[in-house]
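S.K.: Sequence:
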Amino acid sequence: GTTCYHGCMKQCMRRFYDQPVNIRGAKLAAVREAFPELLAEQKPAPLNTGKCAAVIGGGPAGLAAGYFLARAGWQTIVFEKTAAFGGMICKAVPELRADSEAVQKDLAWIRSSGVQLVKNVEKIGVQELLCQGYDAVVLAIGAWKPKRRTDTGFYEKNGLRVTADGWPEIDAKTQAASLPGAYAIGD
6 GTTCYHGCMK QCMRRFYDQP VNIRGAKLAA VREAFPELLA EQKPAPLNTG
56 KCAAVIGGGP AGLAAGYFLA RAGWQTIVFE KTAAFGGMIC KAVPELRADS
106 EAVQKDLAWI RSSGVQLVKN VEKIGVQELL CQGYDAVVLA IGAWKPKRRT
156 DTGFYEKNGL RVTADGWPEI DAKTQAASLP GAYAIGD
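Residue 23 in the working numbering sits at position 18 of the sequence shown; the count goes up by one each step and never skips.
Source of the hints: derived by calculation from the structure; they are not laboratory data. Do not rely on the hints blindly, as some may be mistaken.
[To be verified] Calculated lysine to aspartate or glutamate pairs in the EDC-like style (CA-CA distance at most 20 Å, straight line):
| hint | residue 1 | residue 2 |
| --- | --- | --- |
| 1 | Lys86 | Glu127 |
| 2 | Lys124 | Glu106 |
| 3 | Lys110 | Glu46 |
| 4 | Lys110 | Glu42 |
| 5 | Lys86 | Glu161 |
| 6 | Lys56 | Glu42 |
| 7 | Lys110 | Glu38 |
| 8 | Lys56 | Glu161 |
| 9 | Lys96 | Glu106 |
| 10 | Lys128 | Asp170 |
| 11 | Lys32 | Asp140 |
| 12 | Lys56 | Asp140 |
| 13 | Lys96 | Glu133 |
| 14 | Lys162 | Glu133 |
| 15 | Lys32 | Glu106 |
| 16 | Lys162 | Glu127 |
| 17 | Lys162 | Glu174 |
| 18 | Lys86 | Glu133 |
[Said to hold, decoys possible] The calculated label-pair distances, taken between Cβ atoms and stated as ranges, are:
| hint | residue 1 | residue 2 | range |
| --- | --- | --- | --- |
| 19 | Arg76 | Arg166 | 29 to 35 Å |
| 20 | Lys32 | Ser117 | 15 to 21 Å |
| 21 | Arg166 | Gln137 | 20 to 26 Å |
A virtual CB, placed ideally from N, CA and C, is assigned to each residue, including glycine.
Can you make the complete structure from the sequences, with help from the hints?
M.R.: Here you go:
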C-alpha cells in the first residue's frame, strides 16, 4: 500500500456512480491494522524441497525472490552488500511514500517466513555459492546506474555471458542465466 500509485482508480467503474474505490487507502489501513496479528500467525513454510537457494541482493526483487522461494519450501538466504536491506525503495522513494517503519515491517514478514537475511557481504560469487552446495543462485543486484551497465566485471568473473548493454544474458521465460543454476531478476 505505501508505494501503490493507485493507477487502477482511474479505471474504476465506481467513478461513474460516485467515486473510485480508494484502493491505496484500503491497502494501507489493512496493513496498519492487521499486521501485528498476521505476523504473529505467520509460520515458515515446511522445507519440503530439500533445496537451498542463495539470493544476491537485498532490494525489492531479491527480497521478493527470497520470500517466494521460502514459501515454496526452499531454504533461502538473501545476501546484501550494504548495511541495510530495501535497495532503491530506501534510496529513491521518499520517506512519505515508503517510510522506514513499513520497510522494517516487510523485513519482519520476510524473516518470519523463514528467510535468513545477511547484510554487509561485500564479496560473494555465483560459482562460489554453487560450489558450497546451493541448488540455485538468484542475482538481484539492482540497477544503481541508469540504462547501460558499464561494470560487467561481476557477471563475467562469475562465468556469466553478458549482453552488449552490460546485463547478464538470460532466458526471457525462466530468467535462467548462462551458468546452470544461476538466475537474474530485477533491474
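S.K.: Work down the list of hints and note, for each, if the structure agrees.
M.R.: Against the structure, the hints:
Of the pairs offered as hints, the one joining lysine 86 and glutamate 127 holds, with about 5 Å between alpha carbons and a cut-off of 20 Å not exceeded. Taking the CA atoms of lysine 124 and glutamate 106, the gap is near 18 Å; set against the 20 Å cutoff, the hint holds. Proposed proximity of lysine 110 and glutamate 46 is supported: the alpha carbons are some 14 Å apart, at most 20 Å. Proximity of lysine 110 to glutamate 42 is assessed by CA-CA distance (about 12 Å); at most 20 Å being required, the pair is judged to hold.
For the suggested pair lysine 86 and glutamate 161, the alpha carbons sit about 18 Å apart, so the restraint of at most 20 Å is met. For the hint linking lysine 56 to glutamate 42, the alpha-carbon distance of about 30 Å lies beyond 20 Å, and the restraint is violated. Between lysine 110 and glutamate 38 the CA atoms are separated by roughly 12 Å; this keeps the pair inside 20 Å, and the hint holds. The suggested pairing of lysine 56 with glutamate 161 is violated, with an alpha-carbon distance near 26 Å, which exceeds 20 Å.
Distance restraint check for lysine 96 and glutamate 106: the Cα-Cα separation of roughly 14 Å lies within the 20 Å cut-off, and the hinted pair is therefore satisfied. A threshold of 20 Å between alpha carbons decides the hint, and for lysine 128 with aspartate 170 the separation of about 24 Å lies outside it, so the pair is violated. Straight-line distance between C-alpha atoms of lysine 32 and aspartate 140 comes to about 36 Å, which puts the hinted pair past the 20 Å bound. Straight-line distance between C-alpha atoms of lysine 56 and aspartate 140 comes to about 6 Å, which keeps the hinted pair within the 20 Å bound.
Under the criterion of a C-alpha separation no larger than 20 Å, the hint pairing lysine 96 with glutamate 133 is inconsistent with the structure, at around 29 Å. Distance restraint check for lysine 162 and glutamate 133: the Cα-Cα separation of roughly 11 Å lies within the 20 Å cut-off, and the hinted pair is therefore satisfied. This hinted pair checks out: lysine 32 and glutamate 106 have alpha carbons roughly 16 Å apart, not beyond 20 Å. Between lysine 162 and glutamate 127, the direct Cα distance comes to roughly 15 Å. Compliance with the 20 Å bound is thereby established for this hinted pair.
For the proposed pair lysine 162 and glutamate 174, the alpha carbon gap of about 14 Å is at most 20 Å, so the pair holds. In summary, the hint linking lysine 86 to glutamate 133 is supported, as the alpha carbons are separated by about 16 Å, within the 20 Å threshold. Between arginine 76 and arginine 166 the beta carbon distance is about 31 Å. The supplied range of 29 to 35 Å therefore holds. Separation of lysine 32 from serine 117 is about 20 Å and conforms to the stated range, judged on CB atoms against 15 to 21 Å.
Distance hint check: the CB atoms of arginine 166 and glutamine 137 are about 23 Å apart, consistent with the given range 20 to 26 Å.
Of the hints listed earlier, those the structure fails to meet are numbers 6, 8, 10, 11, 13, in rising order.
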